[in-house]
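So you can see what is in the structure, the chains are spelled out below.
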Amino acid sequence: MWYVGGEISLILNPDSMKPIYIQISEWLESEILNRTIDTNEKIYSQYQLAEMFNINPATAAKGINILADEKVLYKKRGLGMFVAADAKEIILIKRKNTKLNAMVTELAKEAVQLNVSEEELINMIRGMHQKIKGEEK
Amino acid sequence: MKTVECIELTKQYGKTKAINNLSFTLSENKITGLIGRNGAGKTTLLKMIAGYLRHSSGEIQVFGVNPFNSLKVSANTIFIDNGMSFSNMLTLLELLESAKRFYPNWNHDLALKLFDYFSFSPNLSHVNLSKGMKSTFNMIIGLAARCPLTIFDEPTSGMDAGTRKDFYRALLKDYIAEPRTIILSSHLIDEVEDILEEVLLIKNGEKLLHTPVEELKEFAIGIRGKTEALKEWMEKIEPIYIQEIGANISYAVIKNDRSLIELENAKAIGLEVVPVPTEDICTYLTSKTKGGIDHVFS
Amino acid sequence: MYLAEVSSWEIVKKQYRYKLRSYFGVFSSLVVIQILATFFSLNGTGMSGGSSGTFSYNVNYYSGDLILAFVMIWGFITAIIITTKAYRYDDYSFVTNRKISHFSNILFLMSASLFAGITVFLSSHLCRLLAVYVKHVDGIMMNQLTITQILKGVSATVLYIFLFVSIGYFVGMLIQVNRLFSFLIPVGFIGFLIMDGLHNDPTLLQTIALFFGSEALLTLLFVKIITVSALFYVLAILISNRMEVRS
Numbered sequence: 000m001w002y003v004g005g006e007i008s009l010i011l012n013p014d015s016m017k018p019i020y021i022q023i024s025e026w027l028e029s030e031i032l033n034r035t036i037d038t039n040e041k042i043y044s045q046y047q048l049a050e051m052f053n054i055n056p057a058t059a060a061k062g063i064n065i066l067a068d069e070k071v072l073y074k075k076r077g078l079g080m081f082v083a084a085d086a087k088e089i090i091l092i093k094r095k096n097t098k099l100n101a102m103v104t105e106l107a108k109e110a111v112q113l114n115v116s117e118e119e120l121i122n123m124i125r126g127m128h129q130k131i132k133g134e135e136k
Numbered sequence: 000m001k002t003v004e005c006i007e008l009t010k011q012y013g014k015t016k017a018i019n020n021l022s023f024t025l026s027e028n029k030i031t032g033l034i035g036r037n038g039a040g041k042t043t044l045l046k047m048i049a050g051y052l053r054h055s056s057g058e059i060q061v062f063g064v065n066p067f068n069s070l071k072v073s074a075n076t077i078f079i080d081n082g083m084s085f086s087n088m089l090t091l092l093e094l095l096e097s098a099k100r101f102y103p104n105w106n107h108d109l110a111l112k113l114f115d116y117f118s119f120s121p122n123l124s125h126v127n128l129s130k131g132m133k134s135t136f137n138m139i140i141g142l143a144a145r146c147p148l149t150i151f152d153e154p155t156s157g158m159d160a161g162t163r164k165d166f167y168r169a170l171l172k173d174y175i176a177e178p179r180t181i182i183l184s185s186h187l188i189d190e191v192e193d194i195l196e197e198v199l200l201i202k203n204g205e206k207l208l209h210t211p212v213e214e215l216k217e218f219a220i221g222i223r224g225k226t227e228a229l230k231e232w233m234e235k236i237e238p239i240y241i242q243e244i245g246a247n248i249s250y251a252v253i254k255n256d257r258s259l260i261e262l263e264n265a266k267a268i269g270l271e272v273v274p275v276p277t278e279d280i281c282t283y284l285t286s287k288t289k290g291g292i293d294h295v296f297s
Numbered sequence: 000m001y002l003a004e005v006s007s008w009e010i011v012k013k014q015y016r017y018k019l020r021s022y023f024g025v026f027s028s029l030v031v032i033q034i035l036a037t038f039f040s041l042n043g044t045g046m047s048g049g050s051s052g053t054f055s056y057n058v059n060y061y062s063g064d065l066i067l068a069f070v071m072i073w074g075f076i077t078a079i080i081i082t083t084k085a086y087r088y089d090d091y092s093f094v095t096n097r098k099i100s101h102f103s104n105i106l107f108l109m110s111a112s113l114f115a116g117i118t119v120f121l122s123s124h125l126c127r128l129l130a131v132y133v134k135h136v137d138g139i140m141m142n143q144l145t146i147t148q149i150l151k152g153v154s155a156t157v158l159y160i161f162l163f164v165s166i167g168y169f170v171g172m173l174i175q176v177n178r179l180f181s182f183l184i185p186v187g188f189i190g191f192l193i194m195d196g197l198h199n200d201p202t203l204l205q206t207i208a209l210f211f212g213s214e215a216l217l218t219l220l221f222v223k224i225i226t227v228s229a230l231f232y233v234l235a236i237l238i239s240n241r242m243e244v245r246s
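Each protein sequence line maps, in turn, to chains A, B and C. Just so we're aligned: 50 in numbering that gives the first Met the number 0 is position 51 of the first sequence, and the numbers increase by one with no gaps anywhere. Just so we're aligned: 171 in numbering that gives the first Met the number 0 is position 172 of the second sequence, and the numbers increase by one with no gaps anywhere. Just so we're aligned: 119 in numbering that gives the first Met the number 0 is position 120 of the third sequence, and the numbers increase by one with no gaps anywhere.
Since the hints were made in silico from the structure, they are not lab data. One should not assume that every hint holds.
Said to hold, decoys possible - So the derived list for chain A, only partly shown, Cβ under 10 Å to chain B, looks like this: (1) Ile19; (2) Tyr20; (3) Thr58; (4) Lys61; (5) Lys130; (6) Gly133.
Backbone N, C-alpha and C define an ideal beta-carbon position, used for all residues, glycine too.
Using the sequences and the accompanying hints, generate a full structural model.
Structural data, given as structure tokens:
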């Protein structure tokens with residue numbers, strides 16, 4: 000984070016291969032998943048996001064529109080975008096399908112390259128999974 | 000609505016064409032980045048849009064009229080570069096007050112706050128400022144004027160890193176408060192890409208690309224791996240840029256229009272597919288040869 | 000964002016106001032020139048004298064002619080300076096177009112001529128005063144002028160200065176259009192004088208001086224000078240209307 004004119008600006012990962020609008024939509028998803036913004040609450044406007052992340056409002060709007068297309072958000076005419084009732088489920092399913100899948104692919108590839116056996120890999124994952132779950136409690 | 004429209008615009012100095020057959024349209028209230036190397040024709044183009052220079056052939060329209068000698072364009076456009084000249088008979092504060100009289104949308108409150116924030120002394124005159132301070136002062140005028148068409152030509156030259164960040168942040172915030180058409184020229188896209196909506200990339204006075212900034216990011220991909228494998232895979236592909244980066248290892252940048260199968264094939268023969276930073280895409284597209292500076296030394 | 004509608008006249012006035020302040024250096028140079036000219040004039044512009052057995056006398060003429068000549072040259076040069084890039088580009092940092100730039104310049108030059116004309120009148124009086132106090136002149140004789148006469152005199156002075164200013168503006172613009180003129184004009188001017196002088200009876204300057212200088216009627220002088228000045232300005236505007244700025 001860095002300071003500009005006394006205001007905190009969030010910073011996106013500039014090295015990421017992901018386009019900014021994807022990063023924005025993922026950040027919004029996380030906000031919904033961890034209930035910073037609850038169902039039927041109004042989500043940030045494109046202008047708020049633009050200021051928060053120091054990006055062009057059109058780019059921010061693209062990020063919002065992805066979620067609207069996926070029915071995570073719904074539009075109230077003249078009021079803006081709101082979080083849908085089943086937003087969390089939609090996001091979770093999507094993440095499982097795409098994000099997790101991609102990560103598992105990478106993980107498996109790396110494991111093969113490093114000569115890590117299937118068993119070893121599964122044990123590693125299990126260990127980490129339990130550890131993180133324990134921390135959350 | 001179209002703010003700027005150019006059709007086959009050409010600007011000739013003697014035999015050289017500074018701007019060559021350039022056609023593009025800038026629609027209202029967007030921030031567009033004009034990107035190109037030194038000498039690509041950025042300043043010439045911007046000065047024609049501002050009405051300072053006459054075009055040689057083709058057509059140019061700003062707010063629907065030819066900008067050269069147009070009062071309508073002058074009153075609704077502000078052109079900021081480091082060549083702005085101000086009389087040294089007026090203090091900085093008096094200059095702001097003069098600008099206020101000329102520009103109907105002028106936001107004096109914003110001007111004074113920025114003036115204060117960047118710690119200008121009101122009694123100095125413009126000639127006493129350092130290069131960076133001049134740029135900063137000109138930027139204040141550019142922002143506070145709130146002109147429907149605001150042009151910044153290399154606005155951050157001479158500014159230190161902190162001031163640059165402040166400038167782009169201020170520009171974005173004021174744009175959100177009062178949307179307008181903004182053209183920002185730079186040879187560094189890195190600095191500006193986040194706040195841009197569109198990019199106009201020019202080289203030798205010609206248009207290379209005019210796309211939403213997000214598409215520019217996805218415009219090219221990099222392929223890295225053993226030179227022979229790369230050569231074989233690239234047989235029918237025209238590279239944007241190619242370079243040998245080490246013993247028997249090469250790196251090529253190609254247009255991102257390959258099919259998934261082709262890319263999978265590349266991976267299968269040990270080639271890596273990597274993203275290319277926007278900055279590099281611009282550099283490769285605008286460079287004179289396909290091998291960059293290394294060609295000179297080989 | 001809505002587009003601002005502005006009228007040319009509004010902007011001419013604003014540019015004029017801006018120029019009065021930003022070209023302030025023009026007025027300071029005027030003051031310097033006049034102080035210089037006043038001191039030069041203290042030697043008198045004409046002198047005669049005589050003596051007889053018991054007394055001798057000296058008659059010195061003190062007039063503002065030298066001051067006026069200096070100020071005319073000042074006006075000529077000032078107008079040229081205003082046409083240079085450094086000054087022209089100042090306009091374009093704010094709202095303008097070529098016509099507005101010219102009209103505000105002309106307004107400014109008119110004001111400068113007016114100011115200069117009045118100060119020439121004042122400093123030629125100052126010159127006479129100084130002659131009394133500094134040079135210990137025993138007696139001074141002056142024409143008693145009525146207010147109307149003074150006004151007429153000042154008006155004529157202003158007009159003469161304005162004439163020189165308009166010539167300067169035209170010459171300046173010619174030079175801006177093509178640098179060659181900065182060489183051609185002096186050469187041409189001196190050439191003409193020499194050619195003229197080769198005849199036994201040089202008439203060129205005389206004719207010009209007679210045309211403007213011998214006009215007894217102020218209104219006619221006004222018409223003559225304004226017509227000629229306007230001609231120079233129109234020419235200046237025409238030749239520079241396609242000129243690019245900040246190139």
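Hint check:
1. Ile19: holds (7 Å)
2. Tyr20: holds (6 Å)
3. Thr58: At 7 Å from the nearest chain B Cβ, A/Thr58 passes the 10 Å test, so the hint holds.
4. Lys61: holds (7 Å)
5. Lys130: violated (32 Å)
6. Gly133: violated (36 Å)
The earlier numbered hints that this structure contradicts are 5, 6.
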